[in-house]
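In order, the protein sequence lines correspond to chains C and S. In terms of numbering that gives the first Met the number 0, the first sequence opens at residue 0 and continues consecutively. In terms of numbering that gives the first Met the number 0, the second sequence opens at residue 0 and continues consecutively.
All the pointers check out, no bait thrown in.
Label-pair restraints from in silico Cβ distances: (1) S:Thr306 x C:Val189: 32 to 42 Å; (2) C:Asp147 x S:Asp15: 52 to 62 Å; (3) C:Val275 x S:Phe88: 43 to 53 Å; (4) C:Phe106 x S:Leu109: 30 to 40 Å; (5) C:Ala30 x S:Met225: 27 to 37 Å; (6) S:Leu108 x C:Thr270: 37 to 47 Å; (7) S:Val112 x C:Ala30: 23 to 33 Å; (8) C:Ile145 x S:Asn138: 41 to 51 Å; (9) S:Ile50 x C:Lys188: 23 to 33 Å; (10) S:Trp95 x C:Phe248: 26 to 36 Å; (11) C:Asp147 x S:Val18: 49 to 59 Å.
If you are wondering where the hints come from, they were derived from the structure by calculation, not from laboratory data. Glycine is no exception: its CB is placed at the ideal position from the N, C-alpha and C atoms.
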Amino acid sequence: MLRRMFRRNREMMTGYMFVLPWILGFLLFMAYPIYFSLNMSFNKVIISSNGIKKDFIRWNNFKYAFLSDPKYVEELLMFIKSVVFMIPIVIVFSLLVALLINQPIRFKGFFRAIFFLPVVITSGQVVKELFAQGAASVPIVERYGIIDYLQNNLDPSWSEPIISIIQQLIVILWYSGVQILIFLAGLQKVNSQIYEAASIDGASPWEIFWKITLPSIKPFILVNIIYTVVDLFTNSLNNVIDLIKVNMFQIDTGFGYATALAWIYFMVIFTILLVVVLVFGRNDDYNPRKAGR
Amino acid sequence: MKEELPSLGKAIRRLDKSVVERFWYKIKKFLLGKQGNDGLVLKLVVYALLISIGFVYLYPFLFMTSQSFKSLQDLLDPTVQWLPKSLYFDNYQKAWEVLDFPKAFAASLLNSVLPAIAQTISCAFVGYGFARFNFPGKNLMFVFILFTFIIPVQVVMIPLFLLFKEYGMLGSPLPFIIPAIFAGGIKSALFILIYTQFFRTIPKSLEESAQLDGAGALAIFFRIIMPISVPAIVVVFLFSLVWHWNETYTASLYLGESMRTLPVMLQTFDIAFKQAFSSSQGASQTVNINESIKLAGTVLIILPLLTLYLFAQKWFVEVVDKTGITGE
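Build the full structure now, drawing on both the sequences and the hints.
Given below as structure tokens:
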């Protein structure tokens, strides 16, 4: 009894020893900065040569962001809208590619390597450069006047995000590298006997996809949606993040306001993730329509 | 006799039908396959789709490479679309100068290799702790780890900036190395998860037998666990390296003017170009910036990563298989 307690105690201590670096790092480089930035977001912060001067102004930074800032809310909404469009594109595309690669084909490794390439070599700056030089849009799309059509027939608040997506289509597809791999791993874990049994019973490939493949990779869909949301929101390729940086070095707004913007941004990410988990994570009874979206 | 004729006809017809049917079935089997995924038609469709999607995927790179070899004449000539009339290396030479390539390359190397080494070791250490030991607060810590994964850098960037400033670390790679030593920094949550998943797949009996031989936890970790975890270690190191290399946002903030990595140099390419060419060469020979030069610069920045990918492609692509990151 005593010995077992001793052993458990010892296991505990060894565990803490291994995790200790992370605890220290978390306190120093996460917890303290989080506390500090929360604090700052309620202050007007002026940094001068004498040090940091803080003025407690309650919710004013947040109020200003929502009520007076000429750009922030607009950019944020715009970005959220485009993310709402991008997520299904990325998920469906990566599932499609994963299904294709999972077929018994040659050069499997080669194709996999191509689709993963952008994950490795695209930094935000390189992608920006490619945008600027017009290398990121599919040339065929523009030729057929899809953009004009959208511009004429949709409300600008919706047509703008859609058009920006079309113009950045390749780059959006580029964000599918990791998701493709995750889907591939998921597909390979499906028991091949189930497929055989289904096809003996006369199920068509189409039915097999909806009734077997999709339900069995449903957990991977959730993982991929979460990954996509985090990836899209935390890469530096969006105007909201630029805006935060710009406000950081502006004298009239400053660090306090910039951190308030960052916190609003975080709350948005958090809410979206929560919604995703609630919608896709909870119901275990399978609904193909929902998962297909 | 009279009655037999129609039945014969019927038999012939039936035979005919079954032959046709069998023939049709054979063709169908050949084209569409038995299982629905091994037929010729489907295979052709799969290859066609993969190749066309692959082309769209590589389109920006092809465009960039072709564009970067174009001289000004080729660039302005609408008949020259993909293949430049001659390979024009001047763009690269100029981009090389503007980027200050050797210096920026060294800065990039310094700011990615060192933090990557630190992160690879520290995250393995922490991941082992999470994978093997039970202690109070473990689940809470895991929640916090996930939290650090979703929190955008922008939230903590400013306090960290002030912190690093206070300790005089700005302008050196330390703001990347120090958090990495403490299993923090760029995407460390992901690395800890990768390691945790990987260590869970190692059978416990290995450690138990070592324990019986009197080895301590640290010795077990460094002598037994680390050597058999090479796949996970390589994967984490490569990703850490690449993500640190590509980091632009915080790199330009923490490093400032004194040290510029390649992506940061690309950010200020236009300004740097003007400085390099209008001041030194004066009015006698004005060189204007054009897309080709900029894209040559972009190619130069991607090139080191491309080379790395070429050699280590297998490791990058097998990250999910090797480490079981997808959960279970």
